[in-house]
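Asks: In case you want the letters, here they are:
Number of protein chains: 2
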Amino acid sequence: MRAPANLKSKDTTLDIVGVAERLYDQIGFQKTTVADIARELSMSPANVYRFYAAKSGINEAVARKLLTEIEAAINNVVEQKKSANEKLRAFFEAIEKSHLQRFALNRKLHELLVKAYDEDWQILRPHHQVVHNALAEIISQGNREGVFNVGDCAEAATQVRTACIRFCHPRLIVEFAQDAKPTLDQMVDLFIRALA
Amino acid sequence: MRAPANLKSKDTTLDIVGVAERLYDQIGFQKTTVADIARELSMSPANVYRFYAAKSGINEAVARKLLTEIEAAINNVVEQKKSANEKLRAFFEAIEKSHLQRFALNRKLHELLVKAYDEDWQILRPHHQVVHNALAEIISQGNREGVFNVGDCAEAATQVRTACIRFCHPRLIVEFAQDAKPTLDQMVDLFIRALA
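Protein chains in written order, with UniProt numbering: chain A, 1 to 196; chain B, 1 to 196.
It is worth saying that the hints were derived from the structure and are not from the lab.
Note that this is a predicted model, so its numbers are computed, not measured.
All residues carry an ideal CB built from backbone N, CA and C; glycine is no exception.
Check each hint, because a few of them may be wrong.
Listed below are the simulated DSSO-like cross-link pairs for lysine-lysine, each with C-alpha atoms no more than 27 Å apart in a straight line [said to hold, decoys possible]:
#1 B:K115 to A:K31
#2 B:K31 to A:K115
#3 A:K115 to B:K108
Here are some of the chain A residues that sit facing chain B, going by a computed Cβ distance under 10 Å [to be verified]:
#4 G28
#5 Y52
#6 A54
#7 Q101
#8 K115
#9 Y117
#10 D118
#11 E155
#12 Q159
#13 T162
#14 I165
#15 R166
#16 H169
#17 L172
#18 E175
#19 Q178
Make a model of the complete structure from these sequences and hints.
Replies: Here's what the structure looks like:
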């Protein structure tokens with residue numbers, strides 16, 4: 001029995017993105033060609049182009065996949081049985097750790113994310129929204145616990161996210177890497193006081 | 001009577017930087033050559049090289065001059081007769097305004113500063129120190145007024161400065177230009193609560 005066409009199509013898309021991610025990690029997104037990706041999948045470049053009209057679309061899909069992994073770590077923090085203060089700390093630690101690990105171990109994938117931020121790719125929008133919603137939910141939990149006293153959790157989330165950009169932005173994480181202070185702990189302490 | 005050699009030398013340095021700034025503003029630092037600068041000053045390129053061994057030195061001197069103007073605006077805020085809360089707001093407004101005006105009116109000079117930040121030029125060090133010291137002084141004033149209750153003003157200055165990077169960093173000011181929120185006012189309100 002053949003798989004339904006839309007399922008097969010989804011599988012092929014995942015295959016292309018998975019192979020592209022591996023090649024981007026090994027030789028970089030600039031040096032990887034659509035022909036390289038097609039060859040690894042034993043298909044023709046023309047077939048890859050049926051799924052992605054341009055290589056930029058594959059770049060975006062790989063970047064989106066990396067961001068989705070950060071989002072999974074974030075949502076894992078939100079769902080834990082912890083206080084809002086603990087979650088606020090764990091939330092930013094998860095984002096920072098993800099970027100630092102990628103910079104250390106998968107430098108060429110990190111560079112893809114830097115490019116996405118530098119050029120403000122559209123795929124950043126849903127990511128920013130997930131980050132924002134998770135942060136607003138943590139702040140709202142703090143209100144319910146009585147440790148925060150915030151009128152508008154969404155506004156507060158925007159402020160805290162902007163204030164922590166140095167720990168969440170792939171380019172800035174590297175730019176500020178030599179600065180020992182402030183630590184993420186200090187910044188979270190600052191917000192906890194501001195939100196109390 | 002001839003001016004002392006060291007004074008003449010200082011004047012020539014100022015002339016070179018002044019002409020370079022004007023040409024960088026008009027045609028950009030990449031397209032301006034040392035020969036262009038020398039021609040405007042009716043001197044030989046060899047004479048310019050007596051003062052700056054490489055064009056990169058002139059780039060740094062022009063960027064330093066731009067930063068010095070921001071520092072003058074900052075120090076003007078510190079010296080005003082205002083409350084610490086008012087100064088905190090005026091401090092970041094002065095920095096943000098400087099970058100936004102340069103981006104709007106002197107785009108090519110703005111690009112020089114972006115490059116300085118991207119490549120983390122040494123001339124940024126004294127600038128960061130001036131910004132840091134002014135901010136620590138404002139926070140210390142808040143302590144004396146009894147509106148802040150900060151144990152270590154230098155540490156707090158580092159935290160607030162990092163949290164406000166979106167309003168003080170030439171690249172980020174452009175990157176975040178489309179984001180209406182948070183406003184600088186909201187961020188300053190957040191700090192005032194955190195420091196209280």
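Asks: Please go over all the hints and tell whether each is borne out by the structure.
Replies: Each hint tested on the structure:
1. B:K115 to A:K31: Between K115 (chain B) and K31 (chain A) the Cα gap is close to 25 Å, so the pair holds against 27 Å.
2. B:K31 to A:K115: holds, 25 Å
3. A:K115 to B:K108: At roughly 22 Å apart (the allowed maximum being 27 Å), K108 (chain B) and K115 (chain A) satisfy the hint.
4. G28: At 19 Å from the nearest chain B Cβ, G28 (chain A) fails the 10 Å test, so the hint is violated.
5. Y52: violated, 27 Å
6. A54: Interface hint status for A54 (chain A): violated (24 Å vs cutoff 10 Å).
7. Q101: violated, 22 Å
8. K115: Hint violated; K115 (chain A) Cβ to chain B Cβ min 13 Å, cut 10 Å.
9. Y117: Given a least distance of 8 Å, the restraint on Y117 (chain A) holds.
10. D118: Holds, because the Cβ-Cβ distance from D118 (chain A) to chain B comes to roughly 8 Å (cut-off 10 Å).
11. E155: holds, 7 Å
12. Q159: Interface hint status for Q159 (chain A): holds (4 Å vs cutoff 10 Å).
13. T162: holds, 5 Å
14. I165: holds, 6 Å
15. R166: holds, 5 Å
16. H169: holds, 8 Å
17. L172: Status holds, d = 7 Å.
18. E175: Hint holds; E175 (chain A) Cβ to chain B Cβ min 7 Å, cut 10 Å.
19. Q178: holds, 8 Å
Of the numbered hints given earlier, the model fails hints 4, 5, 6, 7 and 8; all others are met.
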